[in-house]
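Heads up: the protein sequence lines correspond to chains Z and F, in order.
First residue of the first sequence: 1, per my numbering; consecutive thereafter.
First residue of the second sequence: 1, per my numbering; consecutive thereafter.
It is worth saying that the hints were derived from the structure and are not from the lab.
There's no promise every hint is true.
[Unchecked claim] A few chain Z residues facing chain F, derived, Cβ under 8 Å:
| no. | residue |
| --- | --- |
| 1 | Ser51 |
| 2 | Gly53 |
| 3 | Arg98 |
| 4 | Trp99 |
| 5 | Glu100 |
| 6 | Thr102 |
| 7 | Phe107 |
| 8 | Met108 |
| 9 | Ser109 |
| 10 | Pro110 |
| 11 | Ala111 |
| 12 | Ile262 |
| 13 | Arg264 |
| 14 | Glu267 |
| 15 | Gly274 |
Backbone N, C-alpha and C fix where the C-beta goes; we use that ideal spot for every residue, glycine too.
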Amino acid sequence: MQHTLARPAKPGWLRELIAVWGFAQRNYFLTKRYFWWDFVWLVYSIGNALSIGFIGVAAQQGAGSGKDFTTFLLIGTLIWSYLSMIFDILSETVSWERWEGTIEYTFMSPASRATHLLGTSLYAVVYGIVRMVVMLGIISLFFDLHLSNANYLAALVVLIICSFSLVGFGMVTAVMPLLSPEKGQQVTMIFGAALLLVSGIYYPISVLPGWMQVLAKVSPVYYALEGIRDAMLDGKGVMSLWTDIWPLLIMGVIFPPLGIWIFRQGERFAKKTGRLKRSG
Amino acid sequence: MSNHATVTVSDTQDAINLTHVVKRFKKKRHEYSTALNSVSLQLRRGEVFGILGPNGSGKSTLVRVISTLIIPDGGDVRVFGLDVVQNPREVQRHINRVSVEASFFKKLSSMENLIYGAKLYGVTDRESKPMIKAILSDIGFDYKRVNEPMEHLSRGMQQKIALARALLTSPMLMLLDEPTTGLDPRSKKDVQRLVRKIHDEHDSSILLCTHDMDEAEELCDRIGIMVNGNIIALDTPQALKERYQQDGQLPSLEDAFMAATGQSMEEIETAELQRQENEKEKAGVS
Ligand SMILES: Nc1ncnc2c1ncn2[C@@H]1O[C@H](COP(=O)(O)OP(=O)(O)O)[C@@H](O)[C@H]1O
Ligand SMILES: [Mg+2]
């Protein structure tokens with residue numbers, strides 16, 4: 001006698017329905033397990049949605065006041081793709097080498113941490129600029145960009161000065177995987193999304209709520225965008241961009257050494273607790 | 001030797017000098033595992049010193065402490081007389097390491113990995129490239145494959161590249177952490193031959209961690225037997241065997257190990273695995 005056969009047979013549609021429930025439930029279990037990752041993705045998506053909303057507001061208000069909004073937007077995209085790449089390359093220095101398994105060899109070499117991070121930054125800046133030039137070239141085939149006045153040199157100067165601050169931010173986020181492997185990446189993502197939202201990449205910050213405008217004023221990306229847009233759209237020179245350049249200079253002098261200092265603290269903590277790498 | 005009076009290596013110092021080195025790792029709140037429990041040893045200049053111990057006995061932790069990757073909780077760690085915690089940078093210049101897993105950028109080629117590794121020690125391409133060629137032909141590495149991504153190479157070949165990486169920086173002290181574990185017998189022999197050669201020709205001091213009895217006996221001038229973070233016996237292979245000899249018969253190193261620890265290497269490793277499993281089960285209950 002076989003029990004399985006004796007059981008009253010469920011109709012086919014019901015068995016399918018139970019399986020549907022099985023799949024749904026499994027994914028719910030996973031969401032629960034990865035709660036913080038889902039949370040981070042949610043925050044990230046909200047950030048994106050908000051920035052699209054603010055683009056809408058800016059468009060209605062006639063952003064760029066007479067200037068070409070398309071050019072305004074595309075400059076923002078280019079600058080952000082460059083700056084976020086610098087930030088990402090730096091912030092992945094540790095997690096990437098950990099994944100490859102080379103981190104201990106890098107950390108036991110006599111090259112100092114400043115050397116390590118500055119070498120990484122040097123590459124990021126050069127690569128980023130080349131990439132941006134290529135992007136600008138291709139994008140300008142599609143749109144009638146209003147760049148006849150553009151002062152490229154002044155824009156480049158502002159961009160490079162701003163890179164220092166992003167390098168500093170990247171150093172701070174780079175060390176976080178040494179403290180907590182998962183949380184580190186999560187904080188990095190949220191930080192990137194916040195920077196994108198408040199810095200006025202796709203809209204003038206006047207469309208933001210007051211408290212966000214305050215945050216913008218401490219973001220180096222805000223000053224970079226202001227300066228570069230003035231240089232590209234109005235052809236302003238380095239001297240007349242001084243109001244944007246001096247905050248960038250101050251932040252550029254403070255953030256990288258601060259970043260290295262925080263990195264060293266994290267490294268020391270990791271060496272004390274054995275978190276550099278586990279295995280072997 | 002040099003004009004930096006305070007922080008340079010001196011000829012008269014031991015290669016490694018450990019006194020009562022302690023390292024604990026936090027497992028949970030108020031719960032620690034002791035990886036090194038008051039370890040003391042001297043590795044003389046030019047010596048090949050073996051650490052023989054089962055998995056989990058603390059060998060890798062010892063290597064990491066010496067190579068500045070783990071800061072000890074207590075005790076004194078000196079490399080050529082330099083305090084590892086106080087002068088990590090100076091110590092780093094004189095050491096290099098080969099570990100179980102060949103840690104490379106797998107998508108990059110051997111050549112790319114090697115010239116990168118050398119630069120971190122201030123060695124330029126012009127200096128490193130001829131050395132790479134010489135070292136690789138010496139090891140029996142097929143030079144034609146030097147530009148292939150490393151993930152295409154066998155474990156044995158990767159391990160040879162790992163040795164080459166260490167050799168490029170001309171270290172006075174080589175830390176070898178189970179360099180032959182998991183290699184096929186042929187590669188194993190190749191790597192062992194290379195280790196002997198490094199010692200003979202480059203006059204390096206070598207710390208070799210292994211759980212291979214034959215390897216330890218064949219390569220090492222002296223051996224420390226390590227169990228549970230303690231060095232429980234330390235002597236030349238010959239003297240270790242003599243110490244535990246019975247009725248005039250010289251035991252094998254394996255038997256000497258058993259006599260010293262009361263268990264075979266396998267028994268200790270099985271017990272350690274069992275302990276870890278139990279821990280997981282207990283964690284589930286509480
Ligand atoms: N980074 C670390 N964090 C926590 N525990 C560790 C760490 N490294 C080693 N341990 C623990 O210390 C003990 C010794 O490990 P290890 O030094 O790797 O031994 P071996 O190399 O002889 O196998 C083990 O119990 C291991 O679980
Ligand atoms: Mg080990």
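ask   = Hints broken by the structure, by number, lowest first?
value = 1, 2, 3, 4, 12, 13, 14
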